[in-house]
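So you can see what is in the structure, the chains are spelled out below.
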Amino acid sequence: MPLRARFFAGISRLFVLVGCLVASSGSLLAAGDGGGHHEPLPAFAETIFEIGPLPITNSMIMVWIVAAIIILVAQSASRDMKLVPQGWQNFVEWLVETLLNFFSGIMGAHLAKRTFWFLGTVFILILFSNWFGLIPGVGTIGYEIIGDGVDPHDKFRPFLRGANADLNLTSAMALTFAILWFYWALTEIGLKNVIAHIFAPKGEFKGIMLVLMGAIFLMVGAIEVLSIAVRPIALMFRLYGNIYAGESMLENLMAMVPSYLKWLPPMPFYFLEILVGFVQALVFALLCAVFTKLICEHHDDHDDEHEAQPDEKAAQPA
Amino acid sequence: MPLDSFLILAAETSDVAGESILKKFQIHWWTFLAQLINFFIVVMVLKKFAYGPVMDILEKRRKRIEDGELKLAAVEKQIAESEERTQEMIDKANGQAKRMVEEARESAAAVADKKTQEAAAAAQQIIAKAEEAAKAEREQMQADLRKEFGRLVTSTTAQVTGKVLTDDDQRRINEEALAKVEG
Chain A
1 MPLRARFFAG
11 ISRLFVLVGC
21 LVASSGSLLA
31 AGDGGGHHEP
41 LPAFAETIFE
51 IGPLPITNSM
61 IMVWIVAAII
71 ILVAQSASRD
81 MKLVPQGWQN
91 FVEWLVETLL
101 NFFSGIMGAH
111 LAKRTFWFLG
121 TVFILILFSN
131 WFGLIPGVGT
141 IGYEIIGDGV
151 DPHDKFRPFL
161 RGANADLNLT
171 SAMALTFAIL
181 WFYWALTEIG
191 LKNVIAHIFA
201 PKGEFKGIML
211 VLMGAIFLMV
221 GAIEVLSIAV
231 RPIALMFRLY
241 GNIYAGESML
251 ENLMAMVPSY
261 LKWLPPMPFY
271 FLEILVGFVQ
281 ALVFALLCAV
291 FTKLICEHHD
301 DHDDEHEAQP
311 DEKAAQPA
Chain B
319 MPLDSFLILA
329 AETSDVAGES
339 ILKKFQIHWW
349 TFLAQLINFF
359 IVVMVLKKFA
369 YGPVMDILEK
379 RRKRIEDGEL
389 KLAAVEKQIA
399 ESEERTQEMI
409 DKANGQAKRM
419 VEEARESAAA
429 VADKKTQEAA
439 AAAQQIIAKA
449 EEAAKAEREQ
459 MQADLRKEFG
469 RLVTSTTAQV
479 TGKVLTDDDQ
489 RRINEEALAK
499 VEG
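Just so you know, the protein sequences line up as chains A and B, in that order. Using this note's numbering, the first residue of the first sequence is number 1, and each one after it goes up by one. Using this note's numbering, the first residue of the second sequence is number 319, and each one after it goes up by one.
Please note: incorrect hints may appear among the correct ones.
What the hints assert, rightly or not - Cut-off 35 Å, straight-line C-alpha distance, at most; resulting in silico cross-link-like pairs (DSBU-like, lysine-lysine):
#, chain 1, residue 1, chain 2, residue 2
1, B, Lys-365, A, Lys-293
2, A, Lys-293, B, Lys-366
3, B, Lys-378, B, Lys-389
4, B, Lys-433, B, Lys-410
5, B, Lys-378, B, Lys-366
6, B, Lys-342, A, Lys-262
7, A, Lys-202, A, Lys-192
8, A, Lys-262, B, Lys-341
9, A, Lys-155, B, Lys-342
10, B, Lys-433, B, Lys-453
11, B, Lys-465, B, Lys-432
12, B, Lys-433, A, Lys-82
13, B, Lys-416, B, Lys-433
14, A, Lys-82, B, Lys-365
15, A, Lys-293, B, Lys-342
16, A, Lys-155, B, Lys-341
17, B, Lys-389, A, Lys-82
18, B, Lys-395, B, Lys-366
19, B, Lys-395, B, Lys-378
20, B, Lys-416, B, Lys-389
21, A, Lys-293, B, Lys-395
22, A, Lys-293, A, Lys-202
23, B, Lys-416, A, Lys-293
24, B, Lys-365, B, Lys-389
25, B, Lys-395, A, Lys-82
26, B, Lys-342, A, Lys-192
27, B, Lys-453, A, Lys-82
28, B, Lys-432, A, Lys-82
As the list claims (entries may be wrong) - One side of the interface only, derived from the structure: several residues of chain B facing chain A at Cβ under 10 Å:
#, residue
29, Ser-338
30, Ile-339
31, Asp-374
32, Arg-382
It should be emphasised that the hints constitute simulated quantities derived from the structure, not laboratory data. Note that the structure is a prediction, hence the values are computed from the model and not measured. Note that the Cβ used here is the ideal one computed from N, Cα and C, for glycine as well.
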């Protein structure tokens, strides 16, 4: 499965590279053409209004809309569930079953069933947030701030912004995963095994070799700890970067041409962004699944037997 | 601009502390918390309205299919057993039928023999009766013939001789005439 994860990560990097190149060329053209008329897409979600200390940003409104639609669909699907599915039930069942089977293939039936509530939600929320961010009007319908002291290059406030083009949401999901990852690891294999998994030498060594390998694996463990610590940061920035780059690219492509032709340049890239939206959702969920699977793997025979039991138990109802 | 911002971001990331990253991307505790709550609301709702019911229905369907397959296997077994039993019964019935046919054939042959014999006996009886009847008839005819012949002889004799014959004469003439004819 890590091979699959590497494949998707490679694809996503390729998309980011293409996105950055196109976006940068777009920004240069826009700057030359527009003479500063086009406002660059800010790297953060902008505040639309405030409720007490809580700033309500355009990406937050987007999340609410997507969440409301997801909730409506889930409710209408589960209102009157039948053994022979119809309408939304059909779609929701297909989605849930496909995702569950997909994660079961990576993590095993037991772990997949245990972590599905998080992995499934992450995938669904990211996917639909990404796709909803492509609907015309998102990022382009808004209002202008008027008054003294307003930056003339930052007057426009769109009502909606791609939900994952806000690091607050991606970091919320990534940090939640980091905590859950640790919790799942502890409850699946215990603290001793978690530490052994990270620091203990892999293989059987004796004498001086044991000491040498112990020192090497201690250093490897330290690197592994660093890698584990970096994972949520990588997750949040990967998703954010891809989505932000996509939105930025589409906006800059629109700014390259006169107003009556603004629809044309981003047209092919919308298809690319549909794919990127799906791939990023998949990459985020897949990496979470792979990281969880890697730490919850058991190495000795006893643990293998231990793992096989819940797997078999979980496989029965699944 | 995006490439620039990425380069600036990269430079900032490597140079300055996390605080400037938080500022650059405007990660505020309140916003972060609000997004976290949003995410958990979606998680809870999906768990309650999608994953739970869908898993239940998938489990029910799986059980139903499993039960159906078990029932199907049981029905197939029953059908196989029933077919086996039916075949056994058919074989048994065939055996019985063959035996009955055989018995019937034997019995029919016996009956036929008996009937043939009876028929032969009856035919013999009929023949015997017919012979007796023919004999009696012939004797009757002979008696009648004799009687007629006597009457003709006596009549002719009476006409030829011109006298009235007594009963003794008639008897004597008849007996002589018959003795000559039969002699």
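How the hints compare with the structure:
Between Lys-365 of chain B and Lys-293 of chain A the alpha-carbon distance is near 21 Å, which keeps this suggested pair within the 35 Å criterion. About 25 Å separates the Cα atoms of Lys-293 of chain A and Lys-366 of chain B, which keeps this hinted pair within 35 Å; it holds. At roughly 16 Å between alpha-carbon atoms, Lys-378 of chain B and Lys-389 of chain B fall within 35 Å of each other, so this suggested pair holds. Between Lys-433 of chain B and Lys-410 of chain B the alpha-carbon distance is near 33 Å, which keeps this suggested pair within the 35 Å criterion.
Taking the CA atoms of Lys-378 of chain B and Lys-366 of chain B, the gap is about 17 Å. The hint holds against a cut of 35 Å. Among the hinted pairs, Lys-342 of chain B with Lys-262 of chain A is consistent with the structure: their alpha-carbon atoms are about 29 Å apart, no more than 35 Å. The straight-line distance between the Cα atoms of Lys-202 of chain A and Lys-192 of chain A is roughly 15 Å, inside the 35 Å bound, and the hint therefore holds. Of the supplied pair hints, the one linking Lys-262 of chain A and Lys-341 of chain B holds, its CA atoms being roughly 32 Å apart against a limit of 35 Å.
Note on Lys-155 of chain A and Lys-342 of chain B: the hinted pairing holds, with a Cα-Cα distance of about 18 Å set against a maximum of 35 Å. Taking the CA atoms of Lys-433 of chain B and Lys-453 of chain B, the gap is about 29 Å. The hint holds against a cut of 35 Å. A hinted pair counts as satisfied when its Cα atoms are at most 35 Å apart, and Lys-465 of chain B with Lys-432 of chain B does not qualify at roughly 48 Å. This hinted pair does not check out: Lys-433 of chain B and Lys-82 of chain A have alpha carbons roughly 79 Å apart, beyond 35 Å.
For a cut-off of 35 Å, the pair hint linking Lys-416 of chain B to Lys-433 of chain B stands: about 25 Å separates their Cα positions. Under the criterion of a C-alpha separation no larger than 35 Å, the hint pairing Lys-82 of chain A with Lys-365 of chain B is consistent with the structure, at around 18 Å. This hinted pair checks out: Lys-293 of chain A and Lys-342 of chain B have alpha carbons roughly 34 Å apart, not beyond 35 Å. Simply put, Lys-155 of chain A and Lys-341 of chain B have alpha-carbon atoms about 20 Å apart, close enough for the 35 Å limit, and the pair holds.
For the given pair, Lys-389 of chain B sits about 22 Å from Lys-82 of chain A by alpha-carbon distance, which is consistent with the 35 Å threshold. With a CA separation close to 42 Å, the supplied pair Lys-395 of chain B and Lys-366 of chain B exceeds the 35 Å bound. The suggested pairing of Lys-395 of chain B with Lys-378 of chain B holds, with an alpha-carbon distance near 25 Å, which does not exceed 35 Å. For a cut-off of 35 Å, the pair hint linking Lys-416 of chain B to Lys-389 of chain B is broken: about 39 Å separates their Cα positions.
Between the alpha carbons of Lys-293 of chain A and Lys-395 of chain B the distance comes to roughly 43 Å, so the proposed pair goes past 35 Å and is violated. Distance hint between Lys-293 of chain A and Lys-202 of chain A is fulfilled; the C-alpha atoms sit about 18 Å from each other, no more than 35 Å. Restraint check for Lys-416 of chain B and Lys-293 of chain A: not satisfied, since their Cα atoms lie roughly 73 Å apart, outside the 35 Å limit. Taken as a hint, the Lys-365 of chain B and Lys-389 of chain B pair is honoured in the structure, with Cα atoms around 33 Å apart against an allowance of 35 Å.
Between Lys-395 of chain B and Lys-82 of chain A the alpha-carbon distance is near 31 Å, which keeps this suggested pair within the 35 Å criterion. The suggested pairing of Lys-342 of chain B with Lys-192 of chain A is violated, with an alpha-carbon distance near 40 Å, which exceeds 35 Å. At most 35 Å may separate the alpha-carbon atoms for a hinted pair to count; Lys-453 of chain B and Lys-82 of chain A exceed this at roughly 105 Å. Distance restraint check for Lys-432 of chain B and Lys-82 of chain A: the Cα-Cα separation of roughly 79 Å exceeds the 35 Å cut-off, and the hinted pair is therefore not satisfied.
Using the Cβ-Cβ criterion of 10 Å, the hint placing Ser-338 of chain B at the interface with chain A is not satisfied: the shortest such distance is roughly 12 Å. The restraint placing Ile-339 of chain B at the interface with chain A holds, with a minimum CB-CB distance near 9 Å, inside the 10 Å limit. With a cut of 10 Å, the hint placing Asp-374 of chain B at the interface with chain A holds, because the nearest CB-to-CB distance is about 8 Å. Interface hint status for Arg-382 of chain B: upheld, as the beta-carbon distance to the closest one in chain A is roughly 6 Å, under 10 Å.
Of the numbered hints listed earlier, those contradicted by the structure are 11, 12, 18, 20, 21, 23, 26, 27, 28, 29.
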